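**Student:** With the numbering used here applied, the sequence shown corresponds to residues 1 to 226, in that order.
Derived by calculation from the structure, the hints in this document are not laboratory data. Predicted, not measured: the structure shown is a model, and the values here were computed from it. You may find that some hints are simply not true.
Computed spacing ranges between beta-carbons, pair by pair [what the hints assert, rightly or not]: (1) Ser-29 to Arg-3: 31 to 37 Å; (2) Gly-183 to Gly-131: 44 to 50 Å; (3) Glu-112 to Leu-13: 34 to 40 Å; (4) Ala-28 to Leu-146: 38 to 44 Å; (5) Trp-30 to Pro-79: 32 to 38 Å; (6) Asp-57 to Pro-88: 31 to 37 Å; (7) Arg-15 to Ser-178: 32 to 38 Å; (8) Ser-45 to Gly-183: 22 to 28 Å; (9) Ala-39 to Lys-114: 39 to 45 Å; (10) Asn-2 to Leu-52: 24 to 30 Å.
Subject to a maximum C-alpha distance of 35 Å in a straight line, what follows is the list of computed DSBU-like cross-link-like pairs (lysine-lysine) [to be verified]: (11) Lys-130 to Lys-100; (12) Lys-130 to Lys-114; (13) Lys-114 to Lys-50.
Glycine included, every Cβ here is placed at the ideal spot set by N, Cα and C.
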Amino acid sequence: ENRLSYDLIQERLLRCPAPPADVLCYPASWTGHSRLRVAMADILSSTFMKGLEVSPDHITVLAGAGAIIENLFWCIADPGDGVLIPQPYYPAFDNDLEVKCGTKPIPFVLDEDKDVAEQLSAAAESAAQKGHPVKVLLLTNPNNPLSIMYRRPTLLAVLHWCLAHRVHLVSDEIYALSVWGDGAQPFVSMEVLARQEAAAAAGAAAPAVAGNGRRLPPGLYRQLDA
């Protein structure tokens, strides 16, 4: 929640035109209404994915980022598969990953001052020995609850490790537009780094615009050959 901007967001919403009647019906595509996906593509390409051509065809709109995570993992992982997650992490991930999908969260400490690949390999090996082969790495950047942004070399090391080990990389960038302050480290989207490689990105509108009750998150999915 972004309670500091409630009044600003409410004022802006009241100035919006009434939604078209067809939003009350099922969309023509299960990826969401085309006008909304076009608008989200414009927002992404003009903010934290600035300079990239973001196609509406690569965007799926679901009822919240939690729904996106759950449905995505239902497609890319099997019950018992391990999911590496740097800790501490958003506690609701356990529900998103375990209840329907049956995947196993594998928390591990990611120290950016040490060899990232070695840490990932050690965590994956430990999980495999316990019967949970790692199929996915879930990274939240900016991090919740630490409020840190991972350094560019760290992100690249994570990306290269996932490519080398054929592990899906899911980048949760729900707080990408919640970075401010003089001298703040610039946010780097994994999509920007991975445009020529394989990755997935998930985002949501709620925290950035104080709209937790308005479930309009885009999921940006891109799968390319390594």
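**Student:** Can you tell me whether the CB distance of Asp-57 to Pro-88 sits inside 31 to 37 Å?
**Tutor:** With Cβ atoms ~35 Å apart, the hint holds.
**Student:** Between the beta carbons of Glu-112 and Leu-13, is the distance compatible with 34 to 40 Å?
**Tutor:** 39 Å, holds
**Student:** Within 38 to 44 Å: is that where the Cβ-Cβ distance between Ala-28 and Leu-146 falls?
**Tutor:** Holds, at about 41 Å.
**Student:** Given the hint that Lys-114 pairs with Lys-50, does the C-alpha gap stay at or below 35 Å?
**Tutor:** 30 Å, holds
**Student:** Does the Cβ-Cβ separation between Trp-30 and Pro-79 fall within 32 to 38 Å?
**Tutor:** Distance hint for Trp-30, Pro-79 is violated at roughly 24 Å.
**Student:** Does the alpha-carbon distance linking Lys-130 and Lys-114 stay inside the 35 Å limit?
**Tutor:** 25 Å, holds
**Student:** Can the suggested window of 39 to 45 Å be confirmed for the beta-carbon pair Ala-39 and Lys-114?
**Tutor:** 42 Å Cβ-Cβ, so the 39 to 45 Å window holds.
**Student:** Does the Cβ pair Arg-15, Ser-178 satisfy 32 to 38 Å?
**Tutor:** Given range 32 to 38 Å: violated, Cβ gap about 23 Å.
**Student:** Does the Cβ-Cβ separation between Gly-183 and Gly-131 fall within 44 to 50 Å?
**Tutor:** 46 Å, holds
**Student:** Within 22 to 28 Å: is that where the Cβ-Cβ distance between Ser-45 and Gly-183 falls?
**Tutor:** Between Ser-45 and Gly-183, where Cβ atoms are some 26 Å apart, the hint holds.
**Student:** Indicate whether the distance between the beta carbons of Asn-2 and Leu-52 respects the range 24 to 30 Å.
**Tutor:** 25 Å, holds
**Student:** Take a quick look at whether Lys-130 and Lys-100 sit within 35 Å of each other, Cα to Cα.
**Tutor:** 21 Å, holds
Figure legend: structure checked against the earlier numbered hints; hints not met, in rising order: 5, 7.
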